[in-house]
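*Asks:* So the chains spell out like this:
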Amino acid sequence: MLQALPFGSAYGFAAVHQAGALGLAVDAAVVWLLTYAQGLFDVVNAGVMALVAFAETLLAAPAPWSFALIVAGLGLWRVSGGFALFALLGLNLVLAMGLWDPMISTLALVLTASFLALLIGLPLGVLSARLQSVWRLLRPCLDLMQTMPAFVYLIPAVMLFSTGAVPAIIATLVFAMPPVVRLTQLGIRQVPLDLIEAGRAFGCSELQLLWKVQMPSALPTVMSGVNQTIMLALSMVVIASMIGGGGLGDVVLRGIQQLDVGLGFEGGIAVVILAVILDRLSQSLMLEGERTLEARSRRWRSLWRTP
Amino acid sequence: MNSEICLNSLWKIYGGSADSAIKQLQSGLDPLDLYQRTGLRAAVRDVSLEIQTGEIFVVMGLSGSGKSTLLRLLNGLVRPCLGEVRIQGRQLSSLSPMELNKLRREQMGMVFQSFALFPHRTVIDNAAFGLEVAGVPRPERRDLALKALERVGLGDECRKHPHQLSGGMQQRVGLARALALDPPILLMDEAFSALDPLIRSDMQELLLELQAERQRTIVFISHDLDEAIRLGDRIALMQDGQVLQCGTAQTLLSDPASPAVRHFFRDIDSAAVLDVAAIAAMPSCLLVNAAGPSAALDAFVGDPVYVLDESKRLQGVRTISNGWIEADQLATLRAGTRVRDAMPLVASLAYPPPVVDREGCFLGVITPRLLLRSLEVNV
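Protein sequences appear in the order of chains A and B. Add 60 to the 1-based position in the first sequence for my numbering, that's all there is to it. Add 76 to the 1-based position in the second sequence for my numbering, that's all there is to it.
Extracted from the complex, chain B is given alone in its bound form (with noise of 0.2 Å):
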């Protein structure tokens, strides 16, 4: 089994005892009504998610959509109402504080939307916090400390006080925080959201960087859907406490589960969202297992004609403008490339590009009239 956290349909009821709450929420009643009738505040409602390990997981959903409610119940922070959540396997509730307290210390860290640094420590300090609380001698954790200052590109800055940074600076440090332990897991509350534009893109490039160098399970929690798409393998979409659907973008994108999902996405640039593997289709001229370019001459009425050999990798293309083309002159494009990054190749090429998996095979071409469609995808 390789879902790193699981929850299984959790409540979580704020204001009250929740038992009744939940049965007439599950009953049917409005959670709106609920709050106006008892002054019970519903926030997570009912969710069950799987999150794999190595994923980056995106949660997005309006402010007071319960994820940030979601992402505490994930580290014991907030107990739930009902349901469980399984961390490794291991179920939260039955752990005693003392095991809790171990489990945050060596499997989880944390980053916060308002940094949340201790004013009165050094940043590197600050950065050593959670090995100090580990227990972990001092010159170790200095070591360890500085070298996760290092790594988010802070090792000049560690004798500072947090209030002489600058606001992408402190959640730099409040990452290095995280990362000192090296913890499989991350739990991101909002953590980009308070810092400008320009510099929130970069944090996301450093997020990225430190993904591809050690794949660690990553719960983010979001509001803005460009940094949910940027970041997530996937995404669950959260409103009044429920997950409304859980996928890639694209799936989120190009089959929405009900309308309040296309809503969110109806601003949505989906060139940048889709996949061109998604959208290639089979070219009308194919031949398969064929004796190359002659074969493609015999074959060639005006369309381009594309040739394969028997293990479905491309041998070449027949076009009007350019006669014969082999394979490795041929620009293609790769699973996993979005169109809007595909857009300047099917505008330059005389013929419409190949689209090609990681093990090199033929998937289907992308002619300008796909491309033009699946920007309508969403409208």
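In isolation and in its complexed conformation, chain A is listed as follows (with noise of 0.2 Å):
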């Protein structure tokens, strides 16, 4: 019975763990991208390698204490004088730990990854609210995205770009960009009929709804599509260590290697840290500033009241 079987069947039990006819030929695809179209990814891995380059560059500029002295500054601004204060204390307990050169490069890593999550997913997002056809096509392609195991996107990066830095932003980007591309959809898709309406009845062309109108109406479901993006790309990125991407996932996974929990932990901490700082400041930008100098003072004085 085994032997009327196409592919595999000849090892018997062993063919659960081979890749079948629709393996195979993804397979053959990667294949066939690397002997003819090497030169793009060539391209792609140069141009992203300088990205994160450039990135990590600025981000170890400032001394540390200083680094932190601006996310905390940012904090007050955005946010709330306690989260000044974890920031502060979070980014103390990354540089006792020793851990402040991975975090730094995990940090590089995500907003690379993120940034380039944006510049394709926005532009997407919006071409999908307005046409109806890209909808139909990038839905499944979002779907497939979103659900495939963050370990897949692995292999086919490690087989096109090598390992390092390049190819975990690849793998990052894939499994980062559905929130942004959905909810940029969603949002301009949900802008209140009269409104566009109206700005069509003021004569606006369509590259004048769409800035005047559409954007600034859909701009917090957007923005939340941005937390999201950034947030998975932390996610993956630390999973990405596993090819080699550095940083905090590298602590992680030695930890796991070597079966030291204290290590392990002390890595989780720190990507926590990070993601909680990623997160209250990215959320803060879809909220409106509070401009007036008396609710600016205010957010001041909060930092000395006790609860």
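Keep in mind that the hints were calculated from the coordinates and are not lab data. Possibly wrong hints are sitting among the right ones.
With a straight-line Cα cutoff of 35 Å, these simulated DSBU-like cross-link-like pairs (lysine-lysine) come out [claimed, not checked]:
id, chain 1, residue 1, chain 2, residue 2
1, B, Lys-223, B, Lys-236
2, A, Lys-272, B, Lys-236
3, A, Lys-272, B, Lys-99
All values derive from a computational prediction rather than experimental measurement.
Take the two lone chains and join them into the complex the hints point to.
*Replies:* Here it is in structure tokens:
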């Protein structure tokens, strides 16, 4: 009976672990890409590499204490006094654990991957909100990107870009892009019809309608997509350490490999601190900042108020 | 030619291909049958109208009568299936998208029932929206927007956001947004329907004031007949996508084209619609080109005698109780006065008050009997 199976049947039970026809096809596609589109991948490789190197240099430029102060200052301005204090203490802890450099490189990876995901995802979201056909085509792709187990992206990424930061960023980019596309599309679709009508009645061109009516009205939804993308990127970057992405993921991975609970925990805590800071700061972008001096000073005073 | 907007047998069918549906409807198919058979909905059926420059034209009908669709046909938000729209002589369907946008920016302002203010913009930026779209530089458009806001009484609120204002104030912003560009045409889609009765009447007052300052062509959609009568120079009554009758409120009331029109007006206080000039009648004793008081005395038999000069101006009246009354002491009614407003005067005078037109020419008198008769026009 096993003889009748076309692929892998000769190996008996071992066949369960082999790729089937679909898998072979994907394999062949990757090989084909490698043979005929190597030049393209080299260009992408160089570009992404330059970008991440730039991000890392930029983030590593200020001394840890000034970096922490800048983050705390941003937090004080946009979020709250309590958050600023948390950022200060959290970053201090990361420094004390000796994980400053891995954290900076993880941050560089996350920001680069998120930047690229937004660069591609935002226009795709706008496009799919305006053209039903694009959305119909894109939706199954997004479903696939989101539900495919994250590890699966690592394999073709390694084959196409070898190991290191670049395949880590590419895999992260694919994994993190869907929310911003979905929520941009949703946000623009949900703009009340009477606002669109008002825009048109006052003579908006299509571009004016997008920039003056649809985007401002959709902004909160779009921004929550941006926030989701950044958070997904962070979670994926940790996984991508398996293919040499580096950073905090490496620390966690070493903890697993050496069964060193302490090391793994330290790496994990550093990821959590980074995640909270990124989440709160990116979320605060959604809310309109309080402009009045009085509201601002209230923020300052809240630092010293005991609950 | 002074008709600003000209509609020529317009058709709008929603829900699919319109050609065969229009043919079927033209040959007498009931729109309800059409909807049940094909799912096509006829929103506007064969509407032809001419709207004059500077008039307030009210399109009045119940919800679902196609009046909002009709308004959107005027600025191209909805494209007609058949027929043509001419704005200032230019055919709308022949314009390129760019020209259409230019027309909307420069010639038409629109006010919405739901206000449709942009929540992310401040009041002044909302008012300046049309100017911004038209590419007016920032300082200039702020000035113009502020002027428009001041005109509607919101000069002090310009830094707020729309959600901080009450409904009436929000609609004032909507009105300011439409007025900021000073367009010759104003399209108002049930603009005051969402407001409280008191605020609504304030807004109607404001609109009439604005119209008195600068005559615009205003197309006003309403489902409120009282509002239509108060604002409209002319009213088009719509039902099931068709215009039943178009004319002044008085024409619609006193000379309805169909039972449906009469039905619309059944609850209307006709005294609030009718003009005294329309019900005035000639008095039983009238002397023209006579020698004044003495001639009146000769003709006097009991009924008041009205004496006119050669240019049909009133010289005076002779009555039983007051004797001869000179023209300048007479209480007269001007043409255009509503019957309701004339009631106290008619009731208090010993003689039927004369009605004169704008130039002072005598048109007739209003007797209590005429007045009472006018009230039962639509009973």
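*Asks:* Now tell me if each hint is right for this structure.
*Replies:* A quick look at each hint next to the structure:
1. B/Lys-223 / B/Lys-236: Given that 35 Å is the threshold and the Cα spacing comes to 16 Å, the pair holds.
2. A/Lys-272 / B/Lys-236: holds, 19 Å
3. A/Lys-272 / B/Lys-99: Answer violated: A/Lys-272 to B/Lys-99 is near 42 Å, above 35 Å.
Checked against the numbered hints listed earlier, the structure breaks hint 3 alone; every other hint is satisfied.
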